[in-house]
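Taking the hints as your guide, dock the two standalone chains into a single complex.
Chains as they are written, first to last, in my numbering: chain A, 20 to 123; chain L, 283 to 412.
If you are wondering where the hints come from, they were derived from the structure by calculation, not from laboratory data.
Certain hints may be false.
Unchecked claim - A partial selection of chain A residues facing chain L, derived with a Cβ cut-off under 10 angstroms: (1) Asp38; (2) Asp40; (3) Leu73; (4) Ser76; (5) Leu78; (6) Leu102; (7) Ala103; (8) Leu110.
To be verified - Away from chain L, derived, C-beta distances all over 12 angstroms, residues of chain A: (9) Arg21; (10) Arg36; (11) Arg49; (12) Leu54; (13) Gly92; (14) Glu94; (15) Ala98.
As the list claims (entries may be wrong) - Negatives, chain L to chain A, calculated, CB over 12 angstroms: (16) Ile284; (17) Ala285; (18) Gly286; (19) Gln288; (20) Gly305; (21) Gln306; (22) Leu347; (23) Asn352; (24) Phe365; (25) Arg412.
Virtual Cβ for every residue (Gly too), placed ideally from N, Cα, C.
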Amino acid sequence: MRVEVVRENGEVIVRPRGDLDAASAPELERAIQGLLDAREVKRWTFDLAEVEYLDSSGLGMLVRTLKRLRERGVEMALARPQLAVQRVLALTRLDRIFQIQGDP
Amino acid sequence: MIAGFQAAGGLEVVGRARRWLRGQLRRLGTPPELAVDVELALGEALNNVIEHAYGGRGGWVQVTLRAEGNELCLVVRDRGRPFRPPAPPVDPHDLRERGYGLLLIHRLASEVEWRPGGRRGTELVLRWRR
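Only chain L is shown next, with the shape it has when bound in the complex (with noise of 0.2 angstroms):
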């Protein structure tokens, strides 16, 4: 199974990309746990998005969702600033108010990867298994 999100815009962009994809992952039947996760990771990779990739202005994203035996697979694309995280070791006694975005979508998914995304953007690949 593939689905397919795409929309321009700013924040209000990453509450409807995960209402659609809840949606989707309620209809393939995922565990709550699960659907839990993968939401969250998208919530977190589109906020990154629009924060660095388009400077807090927003612009063109799009997810797709791929469900393929026990493998669950996220990509977010955007045209944006490329960008190349790298993984934050935050400890939890500092109390950083920032930071926690890419702490949590490498602790959500099983996989995690950042590639150049064609001409322009960067392209996030997060993969579970079920």
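The following block holds chain A by itself, in its conformation from the complex (with noise of 0.2 angstroms):
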């Protein structure tokens, strides 16, 4: 998996390129530790439209890094969700915890 970060006026944009599943997910979540405590941070994108695949070690990291974006009163959204990605939300009804968006 390859993942693209991209930060600009508090925002973050992060971009995973493949599959998020249990092989890759802990390498994601590695590579924006770092980011999550950075105080000019205000808002978080996980733009998903180049992840064909989730599962639920990847909704795993991905419900952690809401939470402690949460504590923080950081907003948290995914963008442009394809169709597995979008099954596995509507099946866990986390659909109606993430926030989705069309366009990051």
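Written as structure tokens, this is what we have:
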């Protein structure tokens, strides 16, 4: 899995590419650790346009990140989820918890 | 039609098995929505085998896909610690960080059955009607 992180005017956009699964989720989580507590960050978006597959480990990572950001009053959103990702969010009903948007 | 996949290993096997399954489902002309569900269920089943049956270290797994009439059947076998999971109710507002795998397996497949697999391990049988 590859990831691109853009940081601009208090907003972080994380763009993972590939599968977000039990093998890759810990890697992504490590990659974003340093940014989670950055004071100037006010908004956080995971742009999922290039994530074709999300499993329960990827979901767990997204929930942990949401909880940690909420503690600091940072808003988090998921942008552009593909079919398989939308399906996982709907089946776990986490689509009621995450802010989901069309464009990042 | 019957097709099989087997391998020994850790989490890297999950991706390989999913790609194998994706190819088989494409060959069968499975509608994309159903193919997504079957692949997700296999991924979660194998994550579970590696984490629970093999304590995170991985081991031998076998996957069989059978398509008969309007039924698709996926069987996942392992030789690890026996596993008989309950169906976990998950309220999304709990913001749980774990437990989504089993929930997904139950919601993705039409029928789910865990049974003892021969001398050792577990056999998970998942069914879908097309």
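**Request:** Test the statement that L/Gly286 is away from the interface with chain A: the closest C-beta pair must be farther apart than 12 angstroms.
**Result:** Check passes; 22 angstroms lies beyond 12 angstroms.
**Prompt:** Is the nearest Cβ of chain A still more than 12 angstroms from the Cβ of L/Gly305?
**Reply:** For L/Gly305, whose nearest Cβ neighbour in chain A is about 15 angstroms away, the distance exceeds 12 angstroms, so it holds.
**Message:** Would the hint on A/Leu110 be counted as holding, given a Cβ-Cβ threshold of 10 angstroms to chain L?
**Reply:** 4 angstroms, holds
**Distance rule for A/Ala98, whose beta carbon must clear each one in chain L by more than 12 angstroms** = About 19 angstroms separates A/Ala98 from the closest Cβ of chain L, which puts it past 12 angstroms; holds.
**Request:** Quick one: work out the minimum CB distance from A/Arg36 to chain L and report holds if it exceeds 12 angstroms, violated otherwise.
**Result:** Consistent with the label, A/Arg36 stays out of reach of chain L, its closest Cβ about 15 angstroms off (over 12 angstroms).
**Request:** Return the status of the interface hint for A/Leu102: holds when the least beta-carbon distance to chain L is below 10 angstroms, violated otherwise.
**Result:** 6 angstroms, holds
**Asked** Would A/Leu54 pass as off the interface with chain L, using Cβ distances and a cut of 12 angstroms?
**Response** 19 angstroms, holds
**Asked** Beyond 12 angstroms from chain A, beta-carbon-wise, is L/Ala285?
**Response** 20 angstroms, holds
**Request:** Report holds if the minimum CB distance from L/Gln306 to chain A is greater than 12 angstroms, and violated otherwise.
**Result:** Given that every Cβ of chain A is farther than 12 angstroms from that of L/Gln306, nearest at about 16 angstroms, it holds.
**Message:** So L/Leu347 supposedly isn't at the interface. Is its beta-carbon more than 12 angstroms from every beta-carbon in chain A?
**Reply:** 18 angstroms, holds
**Status of L/Gln288, Cβ more than 12 angstroms from any chain A Cβ** = L/Gln288 is indeed farther than 12 angstroms from all Cβ atoms of chain A, at 19 angstroms.
**Asked** When the nearest CB of chain L is found for A/Ser76, is that gap smaller than 10 angstroms?
**Response** 7 angstroms, holds
When each numbered hint is compared with the structure, no violation occurs for any of them.
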